[in-house]
Amino acid sequence: MVGVNGLRPRTAPRGTVRVVDPHPLNWLYLTYNTVEEPVRVSRGGKIRPAAMRRFRWVDRQTLELHFRRERFADGTALDARSFHRAVTEQLRWQAPHPPGTQFNLDRRTRVEVVDDETARLHLPEVDGLVLGKLRATHIMTEHFWRDLGFGYAQGRPGEGHW
Amino acid sequence: MIDAPGPWASGAFVLVEGHSVVHTERVATDGEDCTWLQTEDRSPTVRLHANPHHWNQRRGPRLAEVEFRNDLTSAEALDLVCDGIGEVDLVTEVPAAAARRVQQSRHARLVSVAAVRVLAGVLDREAEGLPLHDGRARRALNLAIDRAALVREAFDGHAAPLHGLTPPTPLTALHRFPGRLRGYPHDRVAARRLWAAAGGASRALRLAAFEGWEAAADVVAAQLRESLDLVVEVGVLDRDQQYEARRRLAEQGSGDWDVLLLDHGSQSADVPPVELHRAFVGRSGEFRAGPVDPRFEQLFARLRAQTSQLRQVLAANRIDRHVTREASALFLVAPRSLYAVNRHVRFLPYATSFELADTSVRRRHWSRRRRSRRPGRDEGQATA
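Order-wise, the sequence lines are chains L and P.
So the first sequence is numbered by our numbering: it starts at 1 and just counts up by one.
So the second sequence is numbered by our numbering: it starts at 1 and just counts up by one.
Isolated chain P, as found in the complex (with noise of 0.2 Å):
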């Protein structure tokens, strides 16, 4: 991270003002493996200049300044694209319940990617009370959860049901060959026979879901309570908690919950497990709630030793396969990624990241139509 302003690299762009970093405290998932937790720690204002020297003139820099506004909420900036111009330009992590307000702003418009990440559920296999150690207990709660129900309920189409852990992608459809992983259908007759066979639970399941994804753990746990006749509490962890419940998971403590949603991503669509399953079975996972799976870090070191592209696409698959088989997490969806953007801003989006390099705005856009002064808000609207 760069801690301040410099001409330091040869990206497409230069920080010229502010800094946005992340204080960081380690916390120790195995052996010398370890992740940090991480503090956000932004100033007001973040500006980024054209690199002239960029060698990728074809890629851009297409934009001569790009400003980063840490001084707005969320749900202003998304006031300030929808109904003015000039403030905010391109607002990320849109909410999909705040989709359709962008898609019918006068300025704004939505941009949507499959990104490369997942909503799953993290199962703490040593719950007291309830089955989860055992695999027929956790592939009947995959079985009790309509994909395709959630996706329409709580993301209004904007998410892709997961079979897996591997994100739906245009790259990842090798990973995810036709017939080679089979993910889990909706089934109730087969998911109750399971969960009984399982020896069922003795107590209510807590469903805990991270801050943005309410909308999901409630439909998720109407599904597990009507599929299952289970009693499901749910509840939602603030940023405080959120923290807490991070460092207790790598530590392999225990929770206050049994099923945990969160999202994750990986920053690249060529190897998914090395950030998806890795994080939520491998020895070294920042998510595993459960024992070391010896039979996943054997398919884990097999990956590691393949130079070819070709046979890591086919190790990763073996390895989503046995995650799959054995129910490792509650798979969920991919959540496309949603950005509002002024309509005269051409903006591409990354399937992993976000960056600006190729971006560009149009001749109507305010800051090529208007120079010297920031148009407010209502200025904004009389003359858009």
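Extracted from the complex, chain L is given alone in its bound form (with noise of 0.2 Å):
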């Protein structure tokens, strides 16, 4: 049987890698292999859902998403509530993003929980680059917010710690 990409189903996982990983992103590089986003960037560049399973354009200013039903590596779930708490989280932030604030959701943007699997993005006015910027858009536990968070355990805000 052939999967994504050609590759066969996994087997259980195996084996250790060292890497050596001078780009001055690897920061970035190791929440990418660690997290997951509504998107993620397929091997040729281009995105993909990830934690979503499918989104719509309802109108032009409201993107709705589908969440499979999953979990995190805690155990618990990861729902459209999980995306609910990670937009909230970023929207009390003028400039969460290390790269800069092309990748900032409009402040003003809405997020509205339909259902355990459907999420709905009330954009305030039409930004068709969103899709990109979900890329940055992490989803965490419930306790990685309550006991980590991104810069929030140490006392500082979430301002370029994204």
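It is worth saying that the hints were derived from the structure and are not from the lab.
Take these hints with a grain of salt, some might be off.
Said to hold, decoys possible - Covered, in the sense of this in silico footprint (three residues per stretch, anywhere, with C-beta under 8 Å from a C-beta of chain P), are these stretches of chain L: (1) 28-36; (2) 73-83; (3) 135-149.
Ideal Cβ placement from N, Cα and C applies to all residues, glycine included.
If you follow the hints, you should be able to join the two separate chains into one complex; please do so.
Now the structure itself:
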């Protein structure tokens, strides 16, 4: 059987790889390897659904996201509420993303949980780039937001620390 | 960024040891828009374990453990992956000058990918004594560059000529639709004519480059000297100087250079202008070294207004054509990302990031043969 990208379905994880990565974005690559966002980027560079199963534009200012029922690494559930929390936490800050404000969601954006699997982003104005910006919306466990957060545990704000 | 280990999310791996973060300093670029200057802070080791709950089992994780070693320099890491087994399996950001060494190694192979990144020159349009405010002069600089020679001489073939600011990867083919975007040919006659028409230079041109791009800077300088009869002084900025240069650029201040060579990437290939063209030309661009371009802002607003992917591609193409026509930067090459990888590691590179979910090790890999020991360099050589 051939799976995604022509790869065979996974067997149990095996072996260790030792990596030296001098790239200045190593901090971000660690995030991408351990965290999911609504979308990810394929090997070729194409934006693809990740934590969300699919999306659709309800109208030009409303993006509907459908999530699969999956689990975080601690066994707790990841659903539309997790996305709601991730967006809400992000919108608390003026410039959370280290690369810059180009990844900002408009702070007037409202997120609505329709049901466990469905959430809607209500944008204050048309933003066709929002799908790419969701690559920077890290979906984290409730324990993360409570115990660590993006800089919160050190008493810092989330500015420039997402 | 993740400050501490824990089962915080749902990715393919879980951070179980160490940290790799950046300390950030805010620099306003335009009104409330800003960028962050970054200083790295890494623990000597960062360890990831496979996430047993990850839903996408076809993708991965296929590795039980990933160990990032931050206790080695790039040169030491390259020695270890090329000459031994077990200490280092994968090195990223291999310089083109080291590619042949990897290719000739017994233990490593070279993996490369057409990355969504560019090496381009920021042009200081307000430089005194040079006509860089004039589009004819900027076009002259672009016409003076022999990109094929640059790829050959500075990158040993591991780069592609850049036309505009959209890197040529398979996914950006439509963005660069033939006939719609024409890059600058190498044309010394036209370059000299345009340079003279713009007034020429009353002093030497100062060409600076971020560390790692010295070879490219030398070739570019030689081509500018030859094509335009210019005096070109080359300088290389170390880490501290780069930090300061980024700050001055973002604050719209002047630097100690007229042309600054730097590389910049995009996190996706869908809409390259969001990160590339915006950075070099946009109102909030962290590399913009000149006045705001109202036409660019208008085109960027149109891009943002598109929710259809096809229309976004067309809007991106319009931006690229405008930036190319205006010669808003010195378009050079799209360097390939090069990796040195142990021969028993099946690594699949990404065009925009570094992810290991679908990387695996073969049965003969050291970690599957000897679980309890960490083989050394000499042992690795002896048993390979």
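Of all the hints numbered above, which does this structure not satisfy? Sort the numbers upward.
Those not satisfied: there are none.
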